[in-house]
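Novice: If you want the building blocks of each chain, they are given just below.
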Amino acid sequence: MKIRRALDGKSVLRLRTGLEMRLSNLWACLFLVFAATTLAVMSINVGFTRTGVSDLGHLAAGERLGGAEVFALLDVRMPRILTGFMAGWCVAMAGAMLQALARNPLADPGLFGLSQGSMVTIMVLLALFPTAPRSIIPLTALAGGLLVALTLIWLVRGDRSGGLAILLMGIAIETVLSSVTGILILYTPAETSYALSDWLAGSLFRADWNGIWAFMPWFALSIPAAFVTGRALRSFGLGDDMAMALGEPVPWSRPTFLFVAVLLSSAAVAAVGPLIFLGVMAPHLAGILSPATGRARLFLSGLTGGTLVIAADILTRLVAADVPLQLGLSLSLIGVPLFIIALRLRALRTISNL
Amino acid sequence: MRLAIQFAIVLMLAIGPALASDRLVVDDAGRKVQVPQAPKRIVVLHEAALGVPIAELGIAPVGSYGRDDQGASLLTVDFYKIVLAGSAPKPLPRGIGAIGNMDLERLRALSPDLIIGTEHNVDRARQLSKIAPVYLQNSSTGRVRGNESQEALSRLLKRTKEFTALKRSYAQRVKTVRDALPHNPNGKTYLGIFITDQINLIGEMSGLVQAFQDLGYTRLDVSGIGAIKGFGSALLVPISPEVFASLNPDLLVMMNSYGKPQREEAHIRQNLDRIIPGWARFLKPARDGRIIFLDSAKVTTPSFASANHTLDAVRAWASHQK
Numbered sequence: 001m002k003i004r005r006a007l008d009g010k011s012v013l014r015l016r017t018g019l020e021m022r023l024s025n026l027w028a029c030l031f032l033v034f035a036a037t038t039l040a041v042m043s044i045n046v047g048f049t050r051t052g053v054s055d056l057g058h059l060a061a062g063e064r065l066g067g068a069e070v071f072a073l074l075d076v077r078m079p080r081i082l083t084g085f086m087a088g089w090c091v092a093m094a095g096a097m098l099q100a101l102a103r104n105p106l107a108d109p110g111l112f113g114l115s116q117g118s119m120v121t122i123m124v125l126l127a128l129f130p131t132a133p134r135s136i137i138p139l140t141a142l143a144g145g146l147l148v149a150l151t152l153i154w155l156v157r158g159d160r161s162g163g164l165a166i167l168l169m170g171i172a173i174e175t176v177l178s179s180v181t182g183i184l185i186l187y188t189p190a191e192t193s194y195a196l197s198d199w200l201a202g203s204l205f206r207a208d209w210n211g212i213w214a215f216m217p218w219f220a221l222s223i224p225a226a227f228v229t230g231r232a233l234r235s236f237g238l239g240d241d242m243a244m245a246l247g248e249p250v251p252w253s254r255p256t257f258l259f260v261a262v263l264l265s266s267a268a269v270a271a272v273g274p275l276i277f278l279g280v281m282a283p284h285l286a287g288i289l290s291p292a293t294g295r296a297r298l299f300l301s302g303l304t305g306g307t308l309v310i311a312a313d314i315l316t317r318l319v320a321a322d323v324p325l326q327l328g329l330s331l332s333l334i335g336v337p338l339f340i341i342a343l344r345l346r347a348l349r350t351i352s353n354l
Numbered sequence: 001m002r003l004a005i006q007f008a009i010v011l012m013l014a015i016g017p018a019l020a021s022d023r024l025v026v027d028d029a030g031r032k033v034q035v036p037q038a039p040k041r042i043v044v045l046h047e048a049a050l051g052v053p054i055a056e057l058g059i060a061p062v063g064s065y066g067r068d069d070q071g072a073s074l075l076t077v078d079f080y081k082i083v084l085a086g087s088a089p090k091p092l093p094r095g096i097g098a099i100g101n102m103d104l105e106r107l108r109a110l111s112p113d114l115i116i117g118t119e120h121n122v123d124r125a126r127q128l129s130k131i132a133p134v135y136l137q138n139s140s141t142g143r144v145r146g147n148e149s150q151e152a153l154s155r156l157l158k159r160t161k162e163f164t165a166l167k168r169s170y171a172q173r174v175k176t177v178r179d180a181l182p183h184n185p186n187g188k189t190y191l192g193i194f195i196t197d198q199i200n201l202i203g204e205m206s207g208l209v210q211a212f213q214d215l216g217y218t219r220l221d222v223s224g225i226g227a228i229k230g231f232g233s234a235l236l237v238p239i240s241p242e243v244f245a246s247l248n249p250d251l252l253v254m255m256n257s258y259g260k261p262q263r264e265e266a267h268i269r270q271n272l273d274r275i276i277p278g279w280a281r282f283l284k285p286a287r288d289g290r291i292i293f294l295d296s297a298k299v300t301t302p303s304f305a306s307a308n309h310t311l312d313a314v315r316a317w318a319s320h321q322k
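Which chain is which? The protein sequence lines are E and L, in order. My numbering applies: residue 1 is where the first sequence begins, and numbers increase by one. My numbering applies: residue 1 is where the second sequence begins, and numbers increase by one.
A few of these clues could be false.
Unchecked claim - Which chain L residues face chain E? A few, computed with CB under 7 Å, are given here:
no., residue
1, Asp78
2, Lys81
3, Arg94
4, Ala98
5, Ile99
6, Gly100
7, Asn101
8, Asp103
9, Leu104
10, Arg106
11, Gln127
These aren't lab readings, by the way, just hints derived from the structure by calculation. Just so you know, even glycine gets a beta-carbon here, dropped at the ideal spot from N, CA and C.
All chains should be modelled from the sequences, with the hints used to inform the complete structure.
Specialist: Put into structure tokens, the structure is as follows:
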């Protein structure tokens, strides 16, 4: 393991296996891991029941705790933290993948219609089969997201289709599906409509260990997926012709990576509902910490997304007694100011480089 | 042998009370629920549709959705105080988090032995079941009428005696009011209007509907006039102002939304004037003095208390007519 200079003069850490990491990316990663851990500790301590990290330590050491403390720690707070982090990670990573695929910094699962596809199929399932087992919801979300992805691929087929074509078609599909969502909310029976509206706002209320185990394979999939797709996504950023010149088989790798993004986005939608704007926000915030590309960008985006959702959940639970604050709203309250600051910093950085 | 019999007796004595303390029921969502024989610490997820009827049956809920930690209402109206007045639970039920942000830890801290929700809470039942058994009671138009949900709750909570006593006293009151009416209500129609930022027809549940039905009135047939059927709605069915202006029930019942603090006649008139200016000059029931103004907070719960508030208002109107 050695520290070397890259061709652009920046420091990189070279491992014996040949893997290289920019030091700036490594520091950003450590900072985000620290932030996520700190927020998770805060989240463990926040809630109506007087308990926290120290009690969790006692529990891990095999000591007996009161029922209320065990319930608060193991049935409410831990599932919310883990589900929130995994959902945020997946949405942000899917957003970073789609931005590279579309060569557009605004792309995210919502803008491509992938989240809407998952939502509409879940809504149709709940409206038509209200007693259907909830365990099939993730598969339904996946089917909806995949259907949108396949439609997108079919619509933009052909060698001359670029990132802009995917984005525009995605926006068109998203608009149509949003209308379908509105119609379903208006005309489904009230109890279904209430449940759907609640879920559309994003919620960790249903987070539990069964859900975590169901989500875990998709979250685990994101790690090898980031390793496999990272290099190719960097090539996509240079344009299709250049990517192919660099040896990237664009005609099949683009749909494959879109498929991976769908898997991640659908899993998150099924777990917590659509986390609007997180897919755009998290990669840009990660980009301010360290202007990474490829694999590093995917991992930093995932960490930023997970950290933001934990922070949003803390805000939601801090005001739980009096203020009805849904996860989606608290995510916006925390993320959007950071996003604006990040964009201003980027603009200032660009000006100073001129 | 003797040892075996002794063991069997000891086992029965030990298990017997545990078996007797719970019973298996099927709720309105078709879920099998193990509920206590006599629930004492009930949390309700809807104050007007569930909390008030249960409190009237003599069980004070320990927790109610839409209140704070001290029991103060987070809504514009406190249904327990307004509907039940002197019979309101003391102390008032405590809250379980803000509306739309239910707090499982707060809920568990109340140590409920039964959580009762409406059919709208079906998606939350699994999480809530970790704390206490969750029973879902139908409470919406198209599924229950009048005070049917209170009767169902009385059976669930083994309070049928209390329900019968309330019904007996209410029936006497119905007879008195019926005798005081200026006309025979048999064959006459009524229509309840709930004014929010639009005009809504009152659905089929609530004490108000029960009272008019028991007095002998029939709800004006609104099928085919453009009103949405309202299946699944807890209380309201929107109707267009143009259609409303053409309606002519024998008795028109009007009320402002309980989301507003001003619910008296003057404010109801003012509110409707914003939607249909000059309605008092051309609406037939208005011209003939066939309108009763009610306080929606008092009459829209499925309870005898709400039905009695309605009867009081009808009686006051009838005495004015005479």
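Novice: Hey, does the L:Lys81 contact hint survive, CB to chain E under 7 Å?
Specialist: It is violated, given that the least Cβ distance between L:Lys81 and chain E is near 20 Å, above 7 Å.
Novice: Given L:Ala98 as an interface hint, is its Cβ closer than 7 Å to any Cβ of chain E?
Specialist: Given a least distance of 4 Å, the restraint on L:Ala98 holds.
Novice: Was the hint right that L:Arg94 lines chain E, CB cutoff 7 Å?
Specialist: Constraint on L:Arg94 not satisfied, violated at 11 Å.
Novice: Given L:Arg106 was flagged as interface, is its beta-carbon under 7 Å from a beta-carbon of chain E?
Specialist: holds, 5 Å
Novice: Min Cβ distance, L:Gly100 to chain E: is it shorter than 7 Å?
Specialist: holds, 4 Å
Novice: Going by Cβ atoms only, is L:Asp78 closer than 7 Å to chain E?
Specialist: violated, 16 Å
Novice: Measuring from the C-beta of L:Asp103 to each C-beta in chain E, is the shortest one below 7 Å?
Specialist: With a closest approach of 4 Å, the L:Asp103 hint holds.
Novice: Let me know if the C-beta of L:Leu104 comes in closer than 7 Å to any C-beta of chain E, holds or violated.
Specialist: Holds, because the Cβ-Cβ distance from L:Leu104 to chain E comes to roughly 5 Å (cut-off 7 Å).
Novice: Given L:Gln127 was flagged as interface, is its beta-carbon under 7 Å from a beta-carbon of chain E?
Specialist: holds, 6 Å
Novice: Mind checking the CB of L:Ile99 against every CB in chain E and telling me if the closest is under 7 Å?
Specialist: holds, 5 Å
Novice: Per the CB criterion, is L:Asn101 less than 7 Å away from chain E?
Specialist: holds, 5 Å
Figure legend: structure checked against the earlier numbered hints; hints not met, in rising order: 1, 2, 3.
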